[in-house]
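Let's have the full structure, built from the sequences with the hints guiding it.
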Amino acid sequence: DQQVKQNSPSLSVQEGRISILNCDYTNSMFDYFLWYKKYPAEGPTFLISISSIKDKNEDGRFTVFLNKSAKHLSLHIVPSQPGDSAVYFCAARLNIRDDKIIFGKGTRLHILP
Amino acid sequence: DGGITQSPKYLFRKEGQNVTLSCEQNLNHDAMYWYRQDPGQGLRLIYYSQIVNDFQKGDIAEGYSVSREKKESFPLTVTSAQKNPTAFYLCASSTPSGTGTQYFGPGTRLLVL
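So the sequences go chain by chain: A and B.
Following this note's numbering, the numbering of the first sequence begins with 50 at its first residue and continues without gaps.
Following this note's numbering, the numbering of the second sequence begins with 2 at its first residue and continues without gaps.
For the record, the hints were derived by calculation from the structure and aren't laboratory data.
Errors might be hidden in some of the hints.
As the list claims (entries may be wrong) - Here are the computed lysine to aspartate or glutamate pairs in the EDC-like style, where the Cα-Cα straight-line distance is at most 20 Å:
#1 Lys54/A / Asp104/A
#2 Lys149/A / Asp31/B
#3 Lys54/A / Asp39/B
#4 Lys54/A / Asp55/B
#5 Lys10/B / Glu91/A
#6 Lys87/A / Asp39/B
#7 Lys154/A / Asp73/A
#8 Lys149/A / Glu73/B
To be verified - Partial selection, computed: residues in chain A whose CB lies under 7 Å from chain B:
#9 Gly92
#10 Asp108
#11 Arg142
We put the CB at the ideal spot given by N, CA and C, even for glycine.
Given below as structure tokens:
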């Protein structure tokens, strides 16, 4: 049973526009949510995270929004750049004790010229 | 330079053979993790270790074994019992920072001959 769901396998966005990647979760006990970016044949790189007690976190072109009542989070990338083309994984941590995180299946973002 | 290294980048396994994937980190992180990524899938946790000489099974531990004799090293052995070993293997580490952020190595692609 998937606890972290990314329902869009892929997304295409014009360069310069906003990219919005979505993620839903089922476990209300998650205390941190994270986004990772992954290029083919490379390890994921950490992008941005948000605590469950916040509703927004911003870092440069990247903003993550958390809607706890809907159990939904989204990553906004503005403006989208060619180098943003990658697979984006949403992840969530269940508790601080063991630091395990659960990953979604990823969304492939294509930035179109 | 601090980071996580994985070797080799590509590894070939013959039927019935055990192979060991290396993971080393010089980030002074306490926790280390092994994940497996298959096409179209998220990252699935194989084993993790919170401290030297201790490790726990993840979601898909069958057919794998690990050791954690040193803080810097967390090798993964893919045994002959693992019937579908072809995948991209990722090692990660983290420190109890409160945010759950894990940092990943570049990965090893395992192929069966």
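Going down the list of hints, with the structure as the test:
1. In summary, the hint linking Lys54/A to Asp104/A is supported, as the alpha carbons are separated by about 19 Å, within the 20 Å threshold.
2. Straight-line distance between C-alpha atoms of Lys149/A and Asp31/B comes to about 13 Å, which keeps the hinted pair within the 20 Å bound.
3. In summary, the hint linking Lys54/A to Asp39/B is supported, as the alpha carbons are separated by about 16 Å, within the 20 Å threshold.
4. The suggested pairing of Lys54/A with Asp55/B is violated, with an alpha-carbon distance near 31 Å, which exceeds 20 Å.
5. Straight-line distance between C-alpha atoms of Lys10/B and Glu91/A comes to about 10 Å, which keeps the hinted pair within the 20 Å bound.
6. A C-alpha spacing of about 14 Å is found between Lys87/A and Asp39/B, which places the hinted pair at or below 20 Å, so the restraint holds.
7. Distance check on the hinted pair: Lys154/A and Asp73/A sit about 11 Å apart at the alpha-carbon level, within 20 Å; holds.
8. Between the alpha carbons of Lys149/A and Glu73/B the distance comes to roughly 19 Å, so the proposed pair stays at or under 20 Å and holds.
9. Taking 7 Å as the C-beta cut-off, the interface hint given for Gly92/A holds, the closest approach to chain B being about 3 Å.
10. Contact between Asp108/A and chain B, as hinted, is not supported at the beta carbon level, the nearest pair being about 13 Å apart and thus beyond 7 Å.
11. Look at Arg142/A: its Cβ gets to within about 3 Å of chain B, closer than 7 Å, so that hint holds up.
Consistency note: the structure conflicts with the earlier hints numbered 4, 10.
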